[in-house]
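Could you slot chains B, C and D onto chain A? The hints should help.
Residue numbers (my numbering), protein chains in the order written: chain A, 1 to 388; chain B, 389 to 776; chain C, 777 to 1111; chain D, 1112 to 1446.
Simulated from the structure, these hints should not be mistaken for lab results.
Given the structure is predicted, the values throughout are model-derived calculations rather than measurements.
Heads up, a few of these hints could be off.
What the hints assert, rightly or not - Listed below are the simulated DSSO-like cross-link pairs for lysine-lysine, each with C-alpha atoms no more than 27 Å apart in a straight line:
1) A:K173 / A:K383
2) C:K997 / A:K375
3) C:K804 / A:K193
4) C:K997 / A:K380
5) B:K768 / B:K561
6) A:K375 / B:K771
7) A:K375 / D:K1332
8) B:K771 / B:K561
Claimed, not checked - Not everything, but these chain B residues come out facing chain D in the computed CB check (under 10 Å):
9) D653
10) L728
11) L736
As the list claims (entries may be wrong) - Listing some non-contacts, in silico: residues in chain B with all C-beta distances to chain A over 12 Å:
12) G414
13) D415
14) A418
15) R459
16) P509
17) G533
18) H543
19) D610
20) L619
21) P654
22) G684
23) R760
C-beta: ideal position from N, C-alpha, C; glycine also.
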Amino acid sequence: MDLADYQRAARQWLERNVPSGEQAGGDPIAVAKDFMARLYDAGYSGITWPERWGGQGLTQQEERAFNAAARDFALPTYVFSIGLGMTGPTIVDRGTDAQRERFVRPLLRGEEIWCQLFSEPGAGSDVAALQTRAERDGDGWIVNGQKVWTSVAQHADWGLLLARTNVDVPKHKGLTMFVVDMHHPGVTVRPLKDMSGRSNFNEIFFDDVHIPDEHRVGDVDDGWSVAVTTLLHERLSISAGVGMGGRKDHPASLEALRRTLDTSDPLVRDELVELHIRSRALDLFNRRLAQETEAGVFPGARGSVAKLLLAELTLFQADLATRLAGPESVAGGHPLGAALAMAPGLALGGGTNEIMRNIVGDRVLNLPPEPRVDKNVPFKELKVGTQA
Amino acid sequence: MDLADYQRAARQWLERNVPSGEQAGGDPIAVAKDFMARLYDAGYSGITWPERWGGQGLTQQEERAFNAAARDFALPTYVFSIGLGMTGPTIVDRGTDAQRERFVRPLLRGEEIWCQLFSEPGAGSDVAALQTRAERDGDGWIVNGQKVWTSVAQHADWGLLLARTNVDVPKHKGLTMFVVDMHHPGVTVRPLKDMSGRSNFNEIFFDDVHIPDEHRVGDVDDGWSVAVTTLLHERLSISAGVGMGGRKDHPASLEALRRTLDTSDPLVRDELVELHIRSRALDLFNRRLAQETEAGVFPGARGSVAKLLLAELTLFQADLATRLAGPESVAGGHPLGAALAMAPGLALGGGTNEIMRNIVGDRVLNLPPEPRVDKNVPFKELKVGTQA
Amino acid sequence: MKLVLSQEQRELRAAVRDFLAAASPPGKARQGYDPQVYARLNGELGLSGLIVGEEYGGAGAGFAELAVALEETGAVLLPGPFLATVFATIALTRAPDKELLSGIAEGRLSATLAGDGVTAGGDGLTGTLPRVLSGMEADVLLVTAGSGLYAVDLTGPGVTRTPLDTLDITRGQAGIVLDGAPGRLLGEPGDEVADLVAVALAAEQLGVMRAALDAIVAYAKIRVAFGRYIGSYQGVKHKLADMHGKLEQAESIVRYAAWAADEAADELPGAAALAQAYVGRACFEVARDHLLLYGGIGYTWEHDAHLYFKRAKTDEVLLGPPRIHRARIAELLEL
Amino acid sequence: MKLVLSQEQRELRAAVRDFLAAASPPGKARQGYDPQVYARLNGELGLSGLIVGEEYGGAGAGFAELAVALEETGAVLLPGPFLATVFATIALTRAPDKELLSGIAEGRLSATLAGDGVTAGGDGLTGTLPRVLSGMEADVLLVTAGSGLYAVDLTGPGVTRTPLDTLDITRGQAGIVLDGAPGRLLGEPGDEVADLVAVALAAEQLGVMRAALDAIVAYAKIRVAFGRYIGSYQGVKHKLADMHGKLEQAESIVRYAAWAADEAADELPGAAALAQAYVGRACFEVARDHLLLYGGIGYTWEHDAHLYFKRAKTDEVLLGPPRIHRARIAELLEL
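Chain A on its own, in the form it takes in the complex (with noise of 0.2 Å):
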């Protein structure tokens, strides 16, 4: 079958599977667990992931023609973006073949969901500073302490959990990655407000919860590096959605914008015409990394100046919106002021615009590295968090 058959089948096939209307109604868990596990059966989950595992051992090209495919469809499968996209690669990747054998199939056929527990309120930017405390006990380990920024956690039947095992050595030496049963009684999940009243985040709290050895991911105190994995596989899944752009239907978007304000006015259209010029240029630039993709060359990196450049205008496009609406823009629910509350949610959410300038200035143009005053400090006598 070549690409093209593929693509066709996988078209048709969505055509007649992807929930709409009522059916998409209902408990959504159950309708995406539904959705998930026809998805699996039709061999559309998992297609470049190990045969052996549950996958479908097929090429990138195969999974670019789905997601291709895929494009106009809105697929319920946001619950395991966490699996899919992060920790079912790293048990691939880093795991045992018994972790392998227990986890992946259930992943990709949607019967068990995962998140990542990595955040902590000590340790956004700097996640190698955690102090989650993992300890031996008998052949298992002891967990206290907390997590943060943990998305789908509610739902979640496992956690990828990177805890502190040694605090004798350097930050980065001293981290063990566990999979932790997130039904356990010691676990408490509880929702996390945003600026924006809305709650798609958590704080996970742990409280001597019990993980036997053989959940544990890679050697003792090697979780940075099984770490650093997972953190690929999120930067790749972040790359295959770049190019995808703003949404039209956006309340701040120029197209909202247009209908709504006095044009006549020709400041209006001046700030309008900005607004189209720093879309256009981000669009172009993201169509470009797509291109660019598609040809084989990954973004890497550069991704980052993607990310960072979209962050900047979702505040910059909010803020001008609403000076451009005026007092009405901030009182009785107004879209705007809705759209502007979430506005700082991308710079701040997978990497600070700081971080991401680090990185660009880094990574793509390849500039000294700051000095590093933390790399040889045992932990325990490093300053972590939030402390005078």
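Same frame as chain A, now just chains B, C and D:
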């Protein structure tokens, strides 16, 4: 005599004595020297300097009164500004009595012109990284090296020279301050052309220049502390000028632009409004600093905020003006093109914008310092200047 | 031109600051209007009567003092009708009414001021005011109909008030419909009311931006990333330095505008438009950047950063789309 | 839409880049026009004939290839009439003339293009062209009079040329007065000539900004302050990252505009206006910041930084005050 009388008398003296019209013509150095001698003889040079060395021994109040009186006159004292503002006060504060006896009165009377010799091609922002060597030679010193960004050097009789006398200690600890005879045959002064085509600065080359030990200022290897004294006086003499603001006759000023641009275009008008807002914001800040200074609250590092803002405004203004005026501004020797070519000067002289932001962050906001990698390294092992 | 505070003004600032630090710290702002704090603010400190003439029981102070007070109420994001009452008081100083001014000075009455949209007829005032600042909390509405300024009892007949879902959760607005509401004609205040309102708002904005900057500067000294305080990174330090530059200029402009309000009527229109054009923008930019510099925690509901961000945006557009202030400057400069 | 270069286009880029690195490095730009380099550029590489049809001896290539070449000539600030000749060639492709096109393709002729200001009468062309790009170096002037495009021999009668003192010392302009100069009517090219000229200029600007960024990035890796390479300071690193973001977007726009010029006539006007509005501004901003990041040495005449700064500004306003491109976008969007 109360202050008002003092100021009135100064004003009257200035009215009679500041050269204008024909008097102001002729050799500018001769005119300046002649004026300075009369200024000294009238008791208006070195108003706050100690009587013992030739000053008037009066207070800051008299000096401010004189400056207020002088504000409306164009005093031809530019070539003496380094001596009066920086090197002279350094000799008064840190010199030997013999040095004070020898140098201060001729300086105040305009008989001798001074320059300051700190910056080097490899040591701009980081002055203490300078490489010009002074080596013991009997009871004196032999100097070899190069200085740069030296104003009035082509007219100078004496220079205040910071040179390295010890490379085996960290960079701040191996410097010594000297007074160097600018007429020594080993001293070569070469004008330095800037990007606007003017030559307001010089490069100075030292080729086996002998300096007697009596012309050493401060202890051997203690030159950095003497330089700090000089730089402190530099800052004070700059902050005395705070509140002066931009000139209304600048070709990129709002007043000039409104005469030539098409202000029937609302977009042009709005750009001029932006220029007005920024100019006025900085102008009012400068006035507030001046009022604080008059009330005895010295701006300190907040003067660096004003300097940074002025550097940014100057460039913004010339850039804006050329955009508004269009093609004619960059051809035919147009004053806006010339203004643009000069505009970066303020951002690059007296500390770059980055250095200003460091000063504001460290000394105004008291933020934690950058880790220093050069504090405890012997100079000879330190990376300096431009190198791979 | 007077751009620095006098000794008395510094003392006023310290008194208001100390009071608010105890009675209404920023963290309390999210709980909304506390009438008790409001009563003490006006009783113990006499803030509501600050610019009310002594003949009406006020302190007879000027805008220089008012700006000092508003900077402090802005800094803690004081909820409730204080700013709205200041706006109304400004209008009343130009169309004096003994009952209202003394009620405000005593702290008995709160008020708010609204612009056009209402007509006066034989059977009272009629019209819709879609967004009235502190419209639910205020007792009295001052509203312009034709060239006259009218006072309307907001608890009286013919008045329907609806609370609005506002971006700024610390201070509300209301939709008000007047349907034959009794209105008392107070006089015909001139154009300068709008200018003075602009200056007062800028003083609050100065406080908002100063507090936001202070907060993030303090955080930059205690938050660690990669073994260093984040304030030691130039990426943070240089941004904070630029924010400080905006604050210095904003303060200079507010002092100037307050001076013009008190002593230079001919400079007031330009100063007021400048104050809104510069300070309104600078306040939002600083509040925005302060939120971003917090990192993830700044995005949470529990943290106060978003309260400043939202107040700053709400203030920026409170008097209309900001371009109106720039258009005013163009007009005054005769461009 | 094609936004990435083909293998052939990358080879063209390498060939032009290698040639210019040897024959006309940036440091040579201050010496001005070198006719020998110009002859070799057209002879060895055939650049002047790149978009000339094969029937006139050219390569018959498109704007995608032209943009690649102009990016490289921009990067080294190539002096002389290359860009002016490209502009003229663009006009000639819409009003073809065998003699001129083959002369340009062979490298025998250089030309320039000027806008309005000239009238055609029985006794030739008359009028004043205050600023003509490379007007002293070009052999032929193409000028619009009425709706017709005329060719004028600049060395012929009725032509007075005066060199101008330009900000950009690497490439000159001339004031040209025509007083009954003989002109040959070539045809009536359409509006798209202006759009294509805008795209060509944007390609040069992309090269200017790329070279400026490359230069300062390289310097940030070898210049030391306080014992560290300056590129390791976030104050420098973050600014360079932002400059890189501008470059990525500028390149994307230039590729898009070149594609539109070649294959999507309906998108060309919007793409051309976007290219000038975005790339023109970004180029100057990058050139400005690159100069500032050099520190003091960037302010000296001997250093090349100011050559980029001045070329970037000159290019930004070459086709008129930049607001005309924004106004065009507003018009095309029907705002």
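Separation of P654 of chain B from chain A, once the least beta-carbon distance is taken, above 12 Å: Since the minimum Cβ distance to chain A is about 4 Å, P654 of chain B lies within 12 Å and the statement is violated.
Given pair status - K771 of chain B, K375 of chain A, alpha carbons within 27 Å: 22 Å, holds
In terms of Cβ atoms, is chain A entirely out of 12 Å range of D415 of chain B? The claim holds: D415 of chain B sits with its nearest Cβ about 51 Å from chain A, beyond 12 Å.
K804 of chain C paired with K193 of chain A [C-alpha distance capped at 27 Å]: 18 Å, holds
Is L619 of chain B truly not at the interface, in the sense that its beta carbon sits beyond 12 Å from all beta carbons of chain A? Holds, because the least Cβ-Cβ distance between L619 of chain B and chain A comes to about 26 Å, which exceeds 12 Å.
Holds or violated: are the alpha carbons of K771 of chain B and K561 of chain B at most 27 Å from each other? Holds, at about 16 Å.
27 Å Cα cutoff - pair K997 of chain C, K380 of chain A: 21 Å, holds
Less than 10 Å between beta-carbons is the criterion; does L736 of chain B satisfy it with respect to chain D? 4 Å, holds
Checking the smallest CB distance to chain A, is G533 of chain B really beyond 12 Å? Consistent with the label, G533 of chain B stays out of reach of chain A, its closest Cβ about 27 Å off (over 12 Å).
With 12 Å as the threshold, tell me whether A418 of chain B passes as away from chain A on beta-carbon distances. 52 Å, holds
Exclusion check [G684 of chain B not at the chain A interface, CB over 12 Å]: 34 Å, holds
Between the alpha carbons of K375 of chain A and K1332 of chain D, is the straight-line distance 27 Å or under? 22 Å, holds
Checked against the numbered hints given earlier, this structure breaks hints 21 and 23; the rest are met.
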